[in-house]
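As they're listed, the protein sequences go chains C and F.
Take the first sequence: its letters are residues 247 to 659, numbered as in our numbering.
Take the second sequence: its letters are residues 36 to 410, numbered as in our numbering.
Worth double-checking, as some hints may not be accurate.
[Claimed, not checked] Derived DSS-like pairs (lysine-lysine); straight-line CA-CA distance at most 25 angstroms: (1) C/K603 <-> C/K560; (2) F/K39 <-> F/K182; (3) F/K39 <-> F/K246; (4) F/K213 <-> C/K623; (5) F/K213 <-> C/K543; (6) C/K649 <-> C/K560.
Simulated from the structure, these hints should not be mistaken for lab results.
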Amino acid sequence: MKRGLSLLIIICMLLSLSGCSGIYSNFRELERLLVIQTMGIDYAEEGVGISLASGAKSDGSSPVRLFSPGVSVTSAIAHILSYSQEQELFLSHTSHVVLGEEAAKNGINGYLSYICRSPNLRTDIPLYIVKGGTAQEAVMQVGDGSKGISEVLEAVRANVDERGDSKAFSASDLLRDLERNGSGLVCAIECSPSIQEGGTKQEGGSGSSSGTDSAESPDSTGGSGSGEEKQEKQALTAAAVGYGVIRGDRLCAYIDKEQAIGVGLLLNIVGISDIVVKDRYATPVTLELDQGSSVIKPVWAEDGSLEMLDIQIKAAANIAEIGGGGHFGEPDYEDYLTAQLETAVSERVSSVIQLSKTLQADFLGLGNIVEMDDAEKYRALGGDFSSLLPGLTVRISVSGQIKHTNDIRDEKA
Amino acid sequence: MKFKDSFDRGQLIALCTVIVLVPALRLFPSAATQFAGRAAWLTAPAAFLPVLLYILFIDDLMERRMEGEGLAELYIRALGPVAGKIALGLSALWFLFYGGFMLRSGADRFITTIYPNSSSPFFSVTMGILGTVAAMGAVRSLVRVAKMVQPVVLGVLLLVLVTALFSVDMRNLLPVTKHDILAIAEGGLAAINVLTVVLYLVCFIEGLTPKKNGRVRSYSLWALGISLLMCVISFDIIGNFSPELTASLTQPFFSLVRNIVFFRTLERVEALVGTLWVFPDFLMISLLLYCAQHCIRLVLGHSGQYQGEKLLDLRRGRWVIPLCGLASTVASVLIAPNAQSLEFWSAKLIPLVNLGYALLFVPAVYLVGRARKTL
Chain C
247 MKRGLSLLII ICMLLSLSGC SGIYSNFREL ERLLVIQTMG IDYAEEGVGI SLASGAKSDG
307 SSPVRLFSPG VSVTSAIAHI LSYSQEQELF LSHTSHVVLG EEAAKNGING YLSYICRSPN
367 LRTDIPLYIV KGGTAQEAVM QVGDGSKGIS EVLEAVRANV DERGDSKAFS ASDLLRDLER
427 NGSGLVCAIE CSPSIQEGGT KQEGGSGSSS GTDSAESPDS TGGSGSGEEK QEKQALTAAA
487 VGYGVIRGDR LCAYIDKEQA IGVGLLLNIV GISDIVVKDR YATPVTLELD QGSSVIKPVW
547 AEDGSLEMLD IQIKAAANIA EIGGGGHFGE PDYEDYLTAQ LETAVSERVS SVIQLSKTLQ
607 ADFLGLGNIV EMDDAEKYRA LGGDFSSLLP GLTVRISVSG QIKHTNDIRD EKA
Chain F
36 MKFKDSFDRG QLIALCTVIV LVPALRLFPS AATQFAGRAA WLTAPAAFLP VLLYILFIDD
96 LMERRMEGEG LAELYIRALG PVAGKIALGL SALWFLFYGG FMLRSGADRF ITTIYPNSSS
156 PFFSVTMGIL GTVAAMGAVR SLVRVAKMVQ PVVLGVLLLV LVTALFSVDM RNLLPVTKHD
216 ILAIAEGGLA AINVLTVVLY LVCFIEGLTP KKNGRVRSYS LWALGISLLM CVISFDIIGN
276 FSPELTASLT QPFFSLVRNI VFFRTLERVE ALVGTLWVFP DFLMISLLLY CAQHCIRLVL
336 GHSGQYQGEK LLDLRRGRWV IPLCGLASTV ASVLIAPNAQ SLEFWSAKLI PLVNLGYALL
396 FVPAVYLVGR ARKTL
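For reference, chain F alone in the conformation it holds in the complex (with noise of 0.2 angstroms):
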């Protein structure tokens, strides 16, 4: 019996819900703030316009693709067979970068919140094993997990939240006056970035669920929760912490988790919750891992698809698999040896190719695709 590996969108959007937590607590709170200051908590509702207004292009392109086609099949149909592998490279090399850099930073949170004068390398070596084995199997499991992860992850962030709130100080927050528009503009980029990196990814994979109408209500929706949850994060984080700290804090929401107390009697469980982050890590790197497999699988003229083998089966150009999850683990390794040289990758290199890929790469792909009406 041959295996089919495909899931709805319901599914996907739970695997957007987890993963995009992972850059929300990451670059989203500091990013922001050191663009809009006090105004920061107002950056994610004013990204939202752009957001669904690439939500409508996503849309757009992805209405395209055929039965079982996702956006790396629709990278070779744009773009023809040489250009379209090109492309295909380009993306897997990026996925690659990304995923190594995601490896490093969680392995830099696991270090400043919980484990003291630890190593990086083993952190990262430990996710790199864990999402390549993951990446070997299929994309169903990873969407399962998500589902099952998010009502856990998404409770302990809410009980995070409110009992945060009752120690917000508005002054911190207050005034916000039309001088700040353009730094609420400025800031809206990193709640872009964010927001775009969660939906292009999961057009990779969307290839594996039916083609379905009303994708642009819910990833509407998805968005617009989402920038609702960014914008009480920072309001919660800058409001206790003001914005001058927020934004020379480097995980600001486990500075955050540490400071609070349950009830006047539990304290201190960043570790608890901090460990929890391992499941939306392990998720984007695994998908991440995946993303990038698929494309260099489709270069070498294979499909990317899991199709049942088993997990030491490396025919079909499974080979692939173990070096992308060798490549992303020597990246985590080599890209950031201290934590400063980590915060140039995650506050400036990192967010700026991830947005010309979201706004530039894509579309240019949809639109000379649309020149070459193979789209």
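Just chain C, same shape as in the assembly (with noise of 0.2 angstroms):
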């Protein structure tokens, strides 16, 4: 009898383990599976516009890209996989989230949550917001014949983690930053027309050229219809500029890409930016900033109470490029040079302070190194610090540096 169970057992394993989907309910053929890795979020009358974006196929077609509005990310979602040609909606390698600054406006804990909650979705997904635009024009519209808004948003990516003028922040990191500090920052992006050579995309045709299939026809896609010949249009292609600051749950304000410098040395995320500044001849130099770092130290009152801050930054360039030749034998011209890149640093690093102390919204999070520094202190300060940035005094040093000047021999160097 144990015999005859075992071998029953073993038939049993081997039907539902051999992938007939007959048994197995969750089985699910590879080829069916549309993988998506770029959803839009868009504010729509109804509630939400959601638009989805597969990364490029090996064969070099285009990308299959989808709309559809809904009353919620769910709805919407269904609706596209009802009216599209897919069999299923593969969510789980969503890499990234693109916000349409008018859905950001309107408030992102909608969003937030959703992203939290969906069993498909990580939570360490980098959001964006579409700069003047819509995620559905960034997701329908950004790429050539090959590539699309997932191959883009991977090179800005790539990109902003080598550069010091922004940083992909992830859901998480958001809504740590909302629930802590009540406000934080969101890559932006802007979509505009692609100067690559050849970045062109054909529109207007039978759609399946364009890899555009939109479950309900799109305004921004070309796809009116009127389209029997081809038109070539210039391709779109999107790029980090900065950041939009999110307060309580709404976009109210953006960083551009210089001063997302300073955010960048205030958070310790310096990569590689290039600053220009003019040397004493009002030749201008191109400062090529690779290392940075900001010390922010609370000056307390004998009271207990906040006097300043006290922020000390390091900023270390090399020289990229100078118009006309240095002067490096010339007495002070370094130091000149030197002064020049403390200016331009302290300058970015005091706009985005002054913003911060505009809106009252601690987006640098400031109010936890304070925090940091002295927690007894803090707590005395009653906790919501965003209402104390206005009157806050902030000291700023900048100790500038000029290490290389790369393969050319300037005199003094």
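Grab the two chains, each in its own frame, and use the hints to assemble them into the complex.
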């Protein structure tokens, strides 16, 4: 009997493990899955507009792009599935979430909640805001014949990781900052025509050539149907342009690329950024800022109140380019350049701090730094650090250094 | 030849290690964070001292057992035949109820992490059947399974924890001040809950081990190791997610696993890791069913121990075992029809009853036994 029972169990296991779809209900054929890599979220009258894009296909054909509005993210995705030609949307490998500007202005808590609740999405998924545009535009139009928004955002992410002028903060980063500081940062991207040669895509045709597959024909895909004859249009690309500032749960301001260098220095996430200054002969000099750090020290008054924040910044740069040749043999030339670097850095940091004070938004996490310095005194401040920001004195000192002139032996160097 | 269901203390500790992982990952991270916030990673080490005291108590209690006696037999001896049987009946009820909850929460973990849109009774019933079959056999088989799966489960857990360490943000974990001491103590209750349930459960099967010195040393080292492990688990989870997010997630450990990317190539391994937790679930449920049937069979006047009977042999009161499995499975289907009510059971009721059983019920039996001079 024992042998018979064992045989029966083995047969049952073979049937269930063999992948027979009739027995194993969770079985899915890989070829039938459309692997979504980018999700766009827009504000729509119905509630929300969802755009989805797969990655580029291995045969070189363009990615599949889908759009639908809905009363919620889930219903929009269900609508996309119903009205597209795809058998199944596989969202587990979604690598980027793009928010339209309008959606971000109308509040993002619902979307963050969806990301955390969804069993398919990771909470550390990077978020982007489309500055001055919609996620639909970014997802449906960015890319050329062989690349789509997913590939472009991969490049953006690699780029911002290397450079100091932005960072792709994740959904969980933002949730934490909103909970703790009441505000946070999201990487801002901008859709603009690609400058790459051959960066064109065909539009107005059958749709399949552009890879656009709209569940509910989006007005921005060019699929309005005039199109017997194909027209060539400059392909769009996306580039990081600093940060969007979220306060409460709404987008309230942008930090541009120049200012974003200040954010990088204050958050100690410095990459390689270019700063153009002028030397004492008014010649433009491009400095490559590649090292920097900040120490933010609260200065406490004797009565335990916060007197000011003392921000000490170190910035080191290489000379990447000098229009017309340098004058390193001359006395004080290098000192002048260093002072220019310090001024440029100071301006960027000051403008970010000023924005934080004006908005009463602690998106830099200054409150957390103050708390780390002296938790007892921080408790005595009452907890809401953002409200203290407008009246807070901030002293910024920058120590600059020109490290290297690269492969040109200038006189003094 | 008469079958002897026995094992040594090393195997018992292996069983403790595997089954403690169920509440350590389900209950502890969120519960401790709800009380202690960013200081929650210190709650498990803080709980070690009270747990050590509990181990000393358990040692004193179990030192009074005779060869072949477990905690169930001690209840009868301490309280007398009538009160002892009532205590055993109450204990069996608690174990069946707790078993039902374990089945339900295990099913919920599957739904949350791997099989969204599935129905929980399928998982509960399947595990209930497996647990019943295991409870009808020898406990020795359970401890052997624990011994075998322990390195795999711990290996995977450590791999996840080490990988997650690289993305810890210290701002989520510090500062911790003297004002957090009370919160750490409150959060420590979650750790005490996790450790004491295992400590008193294994006392019910300790009768199957030979009487041997060194219980305090073995259990203390085990509790120290598990406290440190729980400390690292919370450190990783809070360090990655922040206390705010950790407190609001229902399965923070498995959300952490979902985020992990191994060597920039391998990701979304939560299904593999989540599936491994079938083993701790299985062992915990089997042990609870075994303890429940043991208590009920003692009440009915039979020995609760396995003596080499065949699987379908229902003599000597063994008909109780499938009924216990059925009761737990039915409880699992009925107790929490949705995830919100499960949250109430998981965060409030079960920990409260468990602490009551561990810290009031068992010591009360001990005190009565000492007063009656039967222990």
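Hint check results:
1. C/K603 <-> C/K560: Cα-Cα ~23 angstroms, so holds.
2. F/K39 <-> F/K182: Roughly 19 angstroms separates the two Cα atoms, so the pair holds.
3. F/K39 <-> F/K246: holds (15 angstroms)
4. F/K213 <-> C/K623: holds (13 angstroms)
5. F/K213 <-> C/K543: holds (22 angstroms)
6. C/K649 <-> C/K560: holds (12 angstroms)
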